[in-house]
Amino acid sequence: MTGQSTGQSTRQSTWYSTWYSTWHSAWKEQPLSFKLSSIIVVLVLCFGVINPFISYDPVLDVELSRRDLAPSWEYWMGTDGQGRSVALRLFKGIEAFFFPGLIAGLFAAFVGGVLGALCGYFGGWIGRSLSAVLELIDTLPRMVFLVLICTIFPPSILLISIISSVLFIPSIATIIRRKVEALGAEDYILAHVAHGFHPLKIISYHILWLQCRALLTRQMIFVFSYVLFIETALSYLGDYGVQEPYPSWGNMVAQSRISAVAWPWALPALAIIITIAALLAFGDGIARREEEVKR
Amino acid sequence: MSEQTLVDVQDLVIEFDTPKGRVRVVDGVSFSVSPGEVLGILGESGSGKTMSTQAILGLIGGYPGVMGGQINLNDQGVTYELLKDLPSFISERRGQPEKNERAWRKHRYAQMKKLWGRAITSIFQNPRRSLDPLMTVGQQVKESIQARESHKDALERLNDQAQTEEALEWLAKVQMVDPARVYHSYPHELSGGMCQRAMIAVALACKPSILVADEPTTGLDATVRAQIVHLLQDLIKAEQCAMLYITHDIREMLYLADRVIVMRHGKVLEQVSANDLKEHALERHEYTQVLLDAAGMIGAHDE
Chain A
8 MTGQSTGQST RQSTWYSTWY STWHSAWKEQ PLSFKLSSII VVLVLCFGVI
58 NPFISYDPVL DVELSRRDLA PSWEYWMGTD GQGRSVALRL FKGIEAFFFP
108 GLIAGLFAAF VGGVLGALCG YFGGWIGRSL SAVLELIDTL PRMVFLVLIC
158 TIFPPSILLI SIISSVLFIP SIATIIRRKV EALGAEDYIL AHVAHGFHPL
208 KIISYHILWL QCRALLTRQM IFVFSYVLFI ETALSYLGDY GVQEPYPSWG
258 NMVAQSRISA VAWPWALPAL AIIITIAALL AFGDGIARRE EEVKR
Chain B
13 MSEQTLVDVQ DLVIEFDTPK GRVRVVDGVS FSVSPGEVLG ILGESGSGKT
63 MSTQAILGLI GGYPGVMGGQ INLNDQGVTY ELLKDLPSFI SERRGQPEKN
113 ERAWRKHRYA QMKKLWGRAI TSIFQNPRRS LDPLMTVGQQ VKESIQARES
163 HKDALERLND QAQTEEALEW LAKVQMVDPA RVYHSYPHEL SGGMCQRAMI
213 AVALACKPSI LVADEPTTGL DATVRAQIVH LLQDLIKAEQ CAMLYITHDI
263 REMLYLADRV IVMRHGKVLE QVSANDLKEH ALERHEYTQV LLDAAGMIGA
313 HDE
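These protein sequences, in sequence, are chains A and B. For the first sequence, position 77 matches number 84 in our numbering, and the numbering has no gaps at all. For the second sequence, position 17 matches number 29 in our numbering, and the numbering has no gaps at all.
These are computed hints drawn from the structure, not numbers from a lab.
To spell it out: a stretch of chain B is covered by chain A in this simulated footprint if at least three of its residues, at any positions, have a beta carbon under 8 Å from a beta carbon of chain A; those stretches are:
#1 133–143
#2 153–160
#3 210–219
Glycine residues also receive a C-beta, built at the ideal position from the N, C-alpha and C atoms.
Based on the provided sequences and hints, a complete structural model is requested.
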C-alpha cells in the first residue's frame with residue numbers, strides 16, 4: 008500500500024515479453040492443429056534462414072544413370088527424372104519463395120497498414136481519393152494480372168512477389184481503415200486525446216501497433232503463402248516461376264511431367280499443401296488468441 | 013472574466029443534424045468554475061450536460077456541433093478564448109447556418125493541443141471502455157506522465173525509472189490494494205471499481221487544473237460508488253484541482269459539489285450552492301424539487 012513497499016518495480020514488461028506471453032498462452036490453450044502448424048512454420052523459418060548458406064552443387068548434380076530411384080538411405084525421397092535428390096531439392100526449394108515471400112508480406116502489411124490508417128484518420132477527400140485508387144487496384148483479378156505481367160517481363164520471382172504484394176495492399180488497407188474508423192469513436196481513444204497524447208502516437212502506437220498487430224500479422228502470413236501458391240501456379244502454367252535447373256516446389260511439380268514414373272509430383276505437392284495450410288492455421292491461431300486477450 | 017475563474021462558459025449553443033432536422037441540444041448555457049471548486053451539473057439523460065462539457069474539452073465530433081457562445085479557459089494565468097474564431101467558420105446555406113467542419117476541427121486541435129491534459133482532462137462513464145484494453149494499467153498511468161513531461165524542457169524531464177515510480181505512487185494514491193500487481197495487470201483482469209480508480213489515476217497524473225468527471229459512478233454498485241466519490245473528493249483536495257462533476261444522482265452531488273447547476277432540455281434551470289439545495293429545498297425550482305423528491309430528500313428537511 009505504501010510508497011516504500013511499491014518503490015521497486017517488479018518485472019518490466021517489454022515488447023518481446025508481451026509477444027512471448029501471447030505466444031505462450033496461445034501454445035497452452037490452442038488445439039492440436041495450431042501446435043502442428045506452428046511446428047511446421049518454425050521448421051520452414053529455420054530452413055529458410057539457413058538455406059542461403061548451403062551450396063547449390065549437390066542439388067544441381069544431374070546423373071541420368073540414377074534417375075527415378077525409389078527412397079533409400081542415400082536418397083531419402085528418391086531421385087527425380089534427372090537423377091537429382093528430391094529431398095535436397097525440396098529443402099533448397101524453400102529459398103525460392105522464402106525471402107520473396109517475406110519481402111512481399113512485410114511490404115504489403117506495412118504499406119497497407121499506413122495507407123489504411125491515413126484513410127481512416129483523415130477521411131475527407133484525401134481518404135476518399137486514396138480509397139478510390141485502392142479499390143481500382145482491388146478490381147484487378149490477381150492471377151490473370153500476374154500471368155499478364157509474367158508474359159511481358161522476363162520471369163523473376165522477386166517481381167512476382169512485389170506485384171502480388173501490391174495487389175494485396177488494397178484489401179489490407181480496407182481492413183485497417185475500418186478498424187481505425189471504428190476505434191476513433193471508442194471512449195479510450197477520446198480519453199487519450201483528452202489526456203493530451205500526440206495524435207501520431209495514438210494512431211501509430213495505440214491503434215496500429217496494439218490493435219491491428221494481429222490483423223497485420225495474419226495478413227502478412229497470408230501474402231507469404233500466396234507467394235508460394237502463385238509461384239507454384241505460374242511454374243506449372245508456363246514456366247514463369249523459378250527457372251530450371253534451380254529448384255522450387257512449383258517447378259518440381261511441373262518437372263514431374265517428364266518423369267518416367269507416376270509419383271514424383273506427390274512430394275513437392277504435399278510440401279506445398281502442408282506449408283500453406285500450416286501458415287494459414289498459424290496466422291489464424293495468433294489472430295484468434297489476440298482477439299481473446301482483448302476481451 | 014475575472015482572474016479567479018478557470019472555465020467560463022457563456023451562452024453556449026450546440027446543434028446536431030438528425031434525420032428529422034436540426035436539433036438544439038444545448039441552448040444558451042452559461043456557468044463558470046473557480047480554481048479548486050467542484051461544480052456539479054445535475055440533470056436527466058439527454059439534458060445536454062455531457063454535451064456542454066464535451067464542448068469545453070473540444071471533443072464534439074458530430075456535425076455541425078458547437079454553433080455559438082463563448083468558452084474561456086484559463087491556464088496558468090493565460091486565458092484562451094476557445095470559441096473566439098467560431099463565427100468565421102460558420103456560413104449560411106439555404107437559410108441554415110453551416111460549419112466548415114474540417115477547418116474548424118483543425119483550428120480547434122491547434123488550440124487544444126496545449127491545453128489537453130495540462131489544463132483540462134476527463135474521466136468517462138464506462139471505466140472499462142475508457143482504458144486501453146491492450147496495455148497494462150501501469151503503462152497507461154506512465155504514458156500520461158510521459159505526455160505531461162513532454163511539455164517540459166528536456167533537462168527538467170523525469171527519467172524512465174522515476175516515471176515508473178511515480179506511476180506506482182499514483183496507483184497507491186487511488187487506494188489500489190496491491191499497486192505492484194495492478195501495475196502489470198490488463199484492464200480486463202480488474203473489477204469495474206478498480207478500473208475507475210485506475211482511470212482517475214491516469215487522468216490526475218496529467219496534473220490538470222480542471223478535471224471533468226462525466227458520471228464516473230454509473231454502472232458501479234453502491235459500495236464501490238461511495239468509495240469512488242470519497243476518493244475523488246480527497247484527491248481533488250490534495251491535488252488542488254477543480255472539478256466539473258456530472259451526475260443524475262442528487263445524493264452524490266450534495267456530498268461532493270460546492271455549487272450545483274440544474275439542467276433540463278439543454279437549458280440551465282437554476283444555479284445554487286449545495287447548501288441551499290439541502291437547506292431550502294422548497295424554495296427551489298419546480299424541476300429541482302422533483303429531482304429531490306425522487307431521491308426522497310424533500311420530506312427530511314421539511315419536518
